[in-house]
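Participant: Residue numbers (my numbering), protein chains in the order written: chain H, 1 to 479; chain L, 480 to 965.
These are calculated hints, taken from the structure and not from any lab test.
Here a beta-carbon is modelled for each residue, glycine too, at the ideal position from N, C-alpha and C.
Where hints are given, some of them may not hold.
[As the list claims (entries may be wrong)] If you want the footprint, here are the derived chain L segments under chain H, 3+ residues with CB under 8 Å: (1) 568-579; (2) 684-695; (3) 708-717; (4) 792-802; (5) 843-857.
[As the list claims (entries may be wrong)] In silico BS3-like cross-links for lysine-lysine, where the CA-CA straight-line distance does not exceed 25 Å: (6) H:K223 x H:K129; (7) L:K823 x H:K129; (8) H:K79 x L:K835; (9) H:K79 x L:K807; (10) L:K856 x H:K79; (11) L:K960 x L:K493; (12) L:K823 x H:K79; (13) L:K823 x H:K266; (14) H:K28 x L:K807; (15) H:K79 x H:K217; (16) H:K129 x L:K807; (17) L:K619 x L:K514; (18) L:K855 x H:K79; (19) L:K514 x L:K960; (20) L:K835 x L:K855.
[To be verified] Pairwise CB distance ranges (calculated): (21) L:L819 x H:P33: 20 to 30 Å; (22) H:G192 x L:N577: 30 to 40 Å; (23) H:E306 x L:L863: 49 to 59 Å; (24) H:P282 x L:R760: 40 to 50 Å.
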Amino acid sequence: MKYEAVIGLEVHAQLLTDSKLFCGCSTKFGAEPNTQVDPICLGLPGVLPVMNRKAVEYAVRMALATNCKVNSRSVFARKNYFYPDLPKGYQISQYTEPLAERGWLDIDLDGGRKRIGITRIHMEEDAGKLLHGEGPEDEAFSFVDLNRTGVPLIEIVSEPDMRASDEAQAYLKALRDILVYLEICSGNMEEGSFRCDANVSIRLAGSSKLGTKAELKNMNSFKFVKEAIDYEIARQIDLVESGGKVAQETRLFDSAKGITVSMRSKEEAHDYRYFPEPDLLPLIVEDEMVEEVRSTLPELPQAKRERFVTEYGIPAYDAGVLTSSKDLAAYYEEVVKETDEPKASSNWIMGELLRLLKEDNREVRECPVSPRGLAKVMGMVKAGEISGKIAKEVFEEMYRSGNTPEEIVKAKGLTQISGEAELAAIVDGIIAANPENVERYRSGKTALFGFFVGEAMKATRGKANPQVINKLLKEKLGG
Amino acid sequence: MDITSLDIRALSEKLGKKELSSTEATRAYLERIGKVEGRVSAFVTVTPEEALKAASEADSRIQKGEDVTPLTGVPIAVKDIFCTRGIRTTCSSRILENFVPPYDATVVRKLKDAGAVILGKNNMDEFAMGSSTENSAFKKTLNPWALDRVPGGSSGGSAAAVAASECAASVGTDTGGSIRQPASCCGVVGLKPTYGRVSRFGMIAFASSLDQAGPITKSVKDAAIMLNAIAGHDPLDSTSIDAPAPDYTASLMSGVKGLRVGIPKEYFIEGMDPEVEASVREALETLKALGAELVEISLPHTEYAVAVYYLVATAEASSNLARYDGVKYGLRVDETGSLLDMYKRTRDEGFGPEVKRRIMLGTYSLSAGYYDAYYKKASQVRTLIKDDFEKAFSYCDVIATPTAPTPAFRIGEKLEDPLTMYLSDIFTISCNLAGIPGISLPCGLTKDGLPVGLQILGRYLDEETVLRAAWSYEEATEWHKRRPNI
Numbered sequence: 001m002k003y004e005a006v007i008g009l010e011v012h013a014q015l016l017t018d019s020k021l022f023c024g025c026s027t028k029f030g031a032e033p034n035t036q037v038d039p040i041c042l043g044l045p046g047v048l049p050v051m052n053r054k055a056v057e058y059a060v061r062m063a064l065a066t067n068c069k070v071n072s073r074s075v076f077a078r079k080n081y082f083y084p085d086l087p088k089g090y091q092i093s094q095y096t097e098p099l100a101e102r103g104w105l106d107i108d109l110d111g112g113r114k115r116i117g118i119t120r121i122h123m124e125e126d127a128g129k130l131l132h133g134e135g136p137e138d139e140a141f142s143f144v145d146l147n148r149t150g151v152p153l154i155e156i157v158s159e160p161d162m163r164a165s166d167e168a169q170a171y172l173k174a175l176r177d178i179l180v181y182l183e184i185c186s187g188n189m190e191e192g193s194f195r196c197d198a199n200v201s202i203r204l205a206g207s208s209k210l211g212t213k214a215e216l217k218n219m220n221s222f223k224f225v226k227e228a229i230d231y232e233i234a235r236q237i238d239l240v241e242s243g244g245k246v247a248q249e250t251r252l253f254d255s256a257k258g259i260t261v262s263m264r265s266k267e268e269a270h271d272y273r274y275f276p277e278p279d280l281l282p283l284i285v286e287d288e289m290v291e292e293v294r295s296t297l298p299e300l301p302q303a304k305r306e307r308f309v310t311e312y313g314i315p316a317y318d319a320g321v322l323t324s325s326k327d328l329a330a331y332y333e334e335v336v337k338e339t340d341e342p343k344a345s346s347n348w349i350m351g352e353l354l355r356l357l358k359e360d361n362r363e364v365r366e367c368p369v370s371p372r373g374l375a376k377v378m379g380m381v382k383a384g385e386i387s388g389k390i391a392k393e394v395f396e397e398m399y400r401s402g403n404t405p406e407e408i409v410k411a412k413g414l415t416q417i418s419g420e421a422e423l424a425a426i427v428d429g430i431i432a433a434n435p436e437n438v439e440r441y442r443s444g445k446t447a448l449f450g451f452f453v454g455e456a457m458k459a460t461r462g463k464a465n466p467q468v469i470n471k472l473l474k475e476k477l478g479g
Numbered sequence: 480m481d482i483t484s485l486d487i488r489a490l491s492e493k494l495g496k497k498e499l500s501s502t503e504a505t506r507a508y509l510e511r512i513g514k515v516e517g518r519v520s521a522f523v524t525v526t527p528e529e530a531l532k533a534a535s536e537a538d539s540r541i542q543k544g545e546d547v548t549p550l551t552g553v554p555i556a557v558k559d560i561f562c563t564r565g566i567r568t569t570c571s572s573r574i575l576e577n578f579v580p581p582y583d584a585t586v587v588r589k590l591k592d593a594g595a596v597i598l599g600k601n602n603m604d605e606f607a608m609g610s611s612t613e614n615s616a617f618k619k620t621l622n623p624w625a626l627d628r629v630p631g632g633s634s635g636g637s638a639a640a641v642a643a644s645e646c647a648a649s650v651g652t653d654t655g656g657s658i659r660q661p662a663s664c665c666g667v668v669g670l671k672p673t674y675g676r677v678s679r680f681g682m683i684a685f686a687s688s689l690d691q692a693g694p695i696t697k698s699v700k701d702a703a704i705m706l707n708a709i710a711g712h713d714p715l716d717s718t719s720i721d722a723p724a725p726d727y728t729a730s731l732m733s734g735v736k737g738l739r740v741g742i743p744k745e746y747f748i749e750g751m752d753p754e755v756e757a758s759v760r761e762a763l764e765t766l767k768a769l770g771a772e773l774v775e776i777s778l779p780h781t782e783y784a785v786a787v788y789y790l791v792a793t794a795e796a797s798s799n800l801a802r803y804d805g806v807k808y809g810l811r812v813d814e815t816g817s818l819l820d821m822y823k824r825t826r827d828e829g830f831g832p833e834v835k836r837r838i839m840l841g842t843y844s845l846s847a848g849y850y851d852a853y854y855k856k857a858s859q860v861r862t863l864i865k866d867d868f869e870k871a872f873s874y875c876d877v878i879a880t881p882t883a884p885t886p887a888f889r890i891g892e893k894l895e896d897p898l899t900m901y902l903s904d905i906f907t908i909s910c911n912l913a914g915i916p917g918i919s920l921p922c923g924l925t926k927d928g929l930p931v932g933l934q935i936l937g938r939y940l941d942e943e944t945v946l947r948a949a950w951s952y953e954e955a956t957e958w959h960k961r962r963p964n965i
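The following block holds chain H by itself, in its conformation from the complex:
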């Protein structure tokens, strides 16, 4: 490779507070346009912002989870620009003195672990949004929805430490996992609760000089982030190879065409005329608050993954799947606590449970089968009350009906038949009914053993204890 890419990400995460950053309006997604607004977030004349302490606490949580230094004093600034979705004509953000700085995050790649630096985390309010020509008669008009205005965001700015799109994607996923684990962001990219801009440049491999970067916007899925970065790297290499120069500009990703297109050049770039926000005092975060937040931090995804491998002895792959959400990990741990069978529990959850949830598009916390319910089914298999195959049927029935496994097994007569006498009669019957196969088996065609097991299962509608059947067949068929 002659060239290497240099990638830095700016991630915006919407904080899961009930109310906005500077007023009491609801932050709920999907309400009728302009129903969640008041004079403060509308920036009516004379009104003033008042800080939401919960948002500060959430931002501190993320700062600590990403190993940042939380500044005891940070300052809000005004970022000035004109746009119809920005009611005050400026956005309240943080600029030269952000809430937190100098953190890092480890990402796991195929080639091993890599540390990505985090330059800063700062707080800001969101702007509104424009709806362009929504009705048949309205094509010429744009409408302003200010429900989102003033919603609290944190912006997480990385160091330009990533070298390929898969690193950017892994970093982004790791960030989202942490935010969701911390319960401070929904992580929903489609709703815009988790958004990402990428700064991409290329340079000759081994060079330490940074090339001219393009800023990519409008990537609303992990897939698009990867596609946009890959396209942009290829575009820049082509450009340089053909003797051109990369321009510093903002580019939009067109997901339909899979390309990036120029949005505005550096010359047209905004002069935001930042200055300290005179309506808010500097934000003071006391040490006590930092320590209090630190003490309530949950175990983070990476640590949990590693613990699952060492504590439960399950494969790293399993641990990755099981810790993909905090709820799923908790579910797993509950099941293991009841069954003391880490690998079998993992198999059940990764297999049956996730399959059913995926079919219904449900979250783990909406799962109708409790961890205890699953453990009970597993226990019944272990005790020989039902077969593994029947257990899957029972589990699905539990999921659909919400009934207990005992009820289902009883109602459907699914109890495993383990009695030797009962099964011996059935085995005798099968031997008697298939003299030719018995003959062939005895003459060396041992592969037919499976046929007899199958017949026995068929005859008992799957309820026969396979071990007992095996034992009896071996005895009676001889050889």
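Based on the hints, put chain L in the right spot on chain H.
Facilitator: Only chain L this time, still in chain H's reference frame:
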């Protein structure tokens, strides 16, 4: 008896004794407005219906003896910079000509809670930018003492209304002297409290780090009564000071014996109007005679105050006025062109020349490449000015100066020369930059019969000493009793 000649204290006493009802007082003021407003033009909006309704509520409060304060039933006016629920609030700008706020400014709410009767909204320089009230988009307010002269600005309407007895008191705002300078021009008392002592919520912002609401009254005691009603922490304003407000009327009478009055040598400058200087010097002698000790002090960075002010104030103003874009409320010009056309034409037609001038200055000083040289440097010098005061207050308890370098000037005299106009506030600006309290009170009349103001500045949050010094002087003199013949 002429009801409108009374000050708050005297009127309140009569209301309390039920010698007079608030309804009668309110009618008297409305009549007075009807009589003199044609000459003075102190109001943008008069609200007789709302006033009479509030008066009748005040009367029933007084009847029942419930929640009665020294302001209950007292007819006052507020500058049109304060949002009033359901009442148009224009800031004397075309861009807000049709703006009716759905909320009251905290100051207005507190006055209403105290039972005051609001007669209407006073004219002002557009967005409080100016020193003569000639920059109003609607009308020029005239000085009741001399109708060919300005009332000062930007709270000129509020000061003129009190001087012409169109209200018992008013509330103005002071960003660089906009309460004290017109009070001086109109021969009334104007108090700018400590920055943050009174909530800014609902007060349309000019320069957020300097703006401060305060009373304009006929006497120092009235100023204390008004401040009692409006001071205090407001959870809706993060910059309002979270400290209990004392009773400002309580300590007025302690006198000035032993009080050290600082006289800054930088404030008695070459070119100052000799009649103003003479009146102020005489006032200082009066304070000395009352037992105060005069000490010469120095505020060495005074010469930079005007420059610093016009950088900080315009920078903040350029940002604060960005919201008037024609999108959500107020004026909108041109629905057909592009978005940028709509913005440009709305702002072009909506803002007057002084406002445009300041937006451009502020935008320039905040621009990339200039921030360090202008805004940042100004902020640094602002700190030095603040330090000057802190040092000075280790030698004295209050500082006395002229309020303005000249008496009220003629209408149009300085309108074409903004730089000279900016110097009208040369003595008042430092106080806003430092955030300390200051008062202007009448201390003389020129031979042309124009009022002269004495300014007393105090330590951060020490309105009590400022009021006490002012009250002692006022008690010893007759200037505050002089009224214009209108």
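Participant: Take the hints in turn and mark each one as holding or not.
Facilitator: Verification of the supplied hints:
Given as covered by chain H, the region 568-579 of chain L passes the check, having 4 residues with a CB less than 8 Å from a CB of that chain where 3 are the minimum. For a cut-off of 8 Å, the count of residues in the region 684-695 of chain L with a CB near a CB of chain H stands at 4, and the three-residue condition holds. Beta-carbon proximity to chain H at under 8 Å applies to 4 residues in the region 708-717 of chain L; the threshold of 3 is reached and the given coverage holds. Coverage of the region 792-802 of chain L by chain H holds in this model, with 7 residues showing a Cβ closer than 8 Å to a Cβ of that chain against a need of three.
Beta-carbon proximity to chain H at under 8 Å applies to 5 residues in the region 843-857 of chain L; the threshold of 3 is reached and the given coverage holds. Using a Cα cut-off of 25 Å, the hinted pair H:K223 and H:K129 holds, with the two alpha carbons roughly 24 Å apart. Among the hinted pairs, L:K823 with H:K129 is consistent with the structure: their alpha-carbon atoms are about 22 Å apart, no more than 25 Å. Between H:K79 and L:K835 the alpha-carbon distance is near 20 Å, which keeps this suggested pair within the 25 Å criterion.
Taking the CA atoms of H:K79 and L:K807, the gap is about 20 Å. The hint holds against a cut of 25 Å. Restraint check for L:K856 and H:K79: the C-alpha separation of about 20 Å stays at or below 25 Å, so the hint holds. A C-alpha spacing of about 19 Å is found between L:K960 and L:K493, which places the hinted pair at or below 25 Å, so the restraint holds. In summary, the hint linking L:K823 to H:K79 is supported, as the alpha carbons are separated by about 20 Å, within the 25 Å threshold.
About 23 Å separates the Cα atoms of L:K823 and H:K266, which keeps this hinted pair within 25 Å; it holds. Taken as a hint, the H:K28 and L:K807 pair is honoured in the structure, with Cα atoms around 22 Å apart against an allowance of 25 Å. About 19 Å separates the Cα atoms of H:K79 and H:K217, which keeps this hinted pair within 25 Å; it holds. With a C-alpha separation of about 14 Å, the suggested pair H:K129 and L:K807 falls inside the 25 Å cut-off, and the hint holds.
For the hint linking L:K619 to L:K514, the alpha-carbon distance of about 17 Å falls within 25 Å, and the restraint holds. For the suggested pair L:K855 and H:K79, the alpha carbons sit about 16 Å apart, so the restraint of at most 25 Å is met. Restraint check for L:K514 and L:K960: satisfied, since their Cα atoms lie roughly 21 Å apart, inside the 25 Å limit. Distance check on the hinted pair: L:K835 and L:K855 sit about 22 Å apart at the alpha-carbon level, within 25 Å; holds.
Checked against the hint of 20 to 30 Å, the C-beta distance between L:L819 and H:P33 comes to roughly 24 Å, which is consistent with it. Evaluation of the 30 to 40 Å hint for H:G192 and L:N577 yields a pass: the beta carbon distance comes to about 35 Å. For H:E306 and L:L863, the hinted distance range of 49 to 59 Å is satisfied, since their beta carbons lie about 56 Å from each other. In this structure, H:P282 and L:R760 meet the distance hint of 40 to 50 Å, their C-beta atoms being roughly 43 Å apart.
The structure meets every hint from the earlier list without exception.
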